[in-house]
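Trainee: Line by line, the protein sequences give chains D and X. Residue 231 in the numbering used here sits at position 231 of the first sequence, and the numbers go up by one each step. Residue 1096 in the numbering used here sits at position 96 of the second sequence, and the numbers go up by one each step.
Please keep in mind that the hints were generated in silico from the structure rather than gathered at the bench. Model, not experiment: these values are computed from the prediction. In this text, a Cβ means the ideal position worked out from N, Cα and C, and glycines have one as well. Treat the hints with caution; some may be incorrect.
Unchecked claim - In silico SDA-like pairs for lysine to any residue, Cα to Cα no more than 20 Å straight-line:
#1 Lys110(D) / Gln1094(X)
#2 Lys200(D) / Pro187(D)
#3 Lys1090(X) / Val299(D)
#4 Lys110(D) / Gly127(D)
#5 Lys269(D) / Arg1056(X)
#6 Lys269(D) / Glu1057(X)
#7 Lys188(D) / Ser201(D)
#8 Lys1100(X) / Asp1071(X)
#9 Lys1090(X) / Lys229(D)
Claimed, not checked - Where chain X lies over chain D, by a calculated footprint (3+ residues, C-beta under 8 Å):
#10 128 to 140
#11 247 to 257
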Amino acid sequence: MAKPKVAFYWCASCGGCEEAVVDLAEKILDVVAAVDIILWPVALDFKYKGIKAMEDGSIAVSFINGAIRTEEQKEMAKLLRKKSGLVVAFGSCSSLGGIPALANLTSKKKIFDRSYLNSPTVVNPDGVVPKTRSIVDGYELTLPEFFETVYKLDDVIDVDYYLPGCPPTPELIANAVNAILEAKLPPKGAILSPDKSLCKSCDRNESKPEDVAIAEIKRVIDIELDPEKCFLAQGIICMGPATRDGCGASCINGNMPCTGCFGPTDSCKDQGAKMIGTLGAILEGEEEEAIDKVIEGLVDPAGTFYRYGLSASMLGSARKEAKDE
Amino acid sequence: MDNFEPKIVAFTCNWCSYAGADKAGMMKLKYSDDVKLIRVMCSGRIDPQFVMDAFREGADGVMILGCHPGDCHYRTGNVKALKRYKLLRKTLVQFGINDKRLKLDWVAAGEAELFQQVVNEMAETVKELGPLHLTGNVEQGGK
């Protein structure tokens, strides 16, 4: 019997998700033995032409990581969708927008101005910025379009399963691969990680006082972090209450607060709003001035609450023509 | 812009501000029909997701009306609402949404005139700001 065909593809991503696949260590040999990898640009050499020539639906599963930032990524996602039985959004970026989606708080123009014109290290007297089509010495050069907004994978194609995490842990990947190989998958659309908040499995949960009462919001560089005490009780914003479990609390175990890469649980539609709800109950202060003073310590709320989830947030992106400002 | 009729969602708590609105009704005080009331048991029940959802679904402004500090039927629900409101406002500004589009105020059950006043002021403010027009993922979609 022919082995099932598997594709790995990356869109707007850092490569960490690819690293996570390699982190399967010797388990990857079992995977390779069981499947036929037909596309993996970061590790193996294949031609897109070959994928285009394949029969529709002939790839058993495509794991796509990274957010959708350019036309090329959208095109590849659509191609893989057509050729695959299953598409798994792999990692925070393709599930929720991830770090690249923080760019949704600004605009394409501001990004281009900064990167190609105004950055102090840029020398660009002719003011050249990337264009989808340009003529150089009579030759036509093309680049994929850079979108105004960063999308998550299911904004552009139908997605069967989601593997959250920045990156997903080797355990979750192995579980997902086994579930696919043994055809023991949950209903379509499921997020392949436990549906409860990180706090529920956090070792520090017991150290959390009944009344957390944050009197001052601190950053991790401001204090010496207690290795056993609940981060929120130390005044550090930990996204645990608004974040899905399944990572094995790896950041907490490294004495760092959760930054929310697994996204919200099924019952929550907006991770940031959820975190605001949580903080509203535990920030100290009764009077407006006192509350303002506590909140002053939170310099970048949107970047803190939606670090990995802007594309998946209810608002999705900042208003592009922000006339209100 | 003159004929722009803003859509404003006002979450009002059962015990104070909704009763205040009720009284305004009984006194036949006129207030802007741009403001649509949603009664909740307590301003502390207003999940920030409700506010986000209202904006996403086309509200040009959102109001949170609760009991005066110290008067909350559930003791501290309104203080929680105040903290969430402060955080939410700071966050919404980063999304390019003017913080005047979200307003929190206290209206007691007997303060029918105050209810009329804050609601009309909000309607006026949002009318001046114009339609919200959220863009990004919400309107364009990626498909």
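Trainee: If a hint holds in the structure, say so; if it does not, say that too.
Mentor: Going down the list of hints, with the structure as the test:
1. Lys110(D) / Gln1094(X): Holds - the C-alpha atoms of glutamine 1094(X) and lysine 110(D) are around 15 Å apart, at most 20 Å.
2. Lys200(D) / Pro187(D): violated, 24 Å
3. Lys1090(X) / Val299(D): holds, 9 Å
4. Lys110(D) / Gly127(D): Given pair lysine 110(D), glycine 127(D) holds - Cα atoms ~14 Å apart, limit 20 Å.
5. Lys269(D) / Arg1056(X): Since the Cα atoms of lysine 269(D) and arginine 1056(X) sit roughly 12 Å apart, the hinted pair holds (cutoff 20 Å).
6. Lys269(D) / Glu1057(X): holds, 14 Å
7. Lys188(D) / Ser201(D): violated, 26 Å
8. Lys1100(X) / Asp1071(X): Status violated; Cα separation ~25 Å.
9. Lys1090(X) / Lys229(D): Status violated; Cα separation ~28 Å.
10. 128 to 140: violated (count 0)
11. 247 to 257: violated (count 0)
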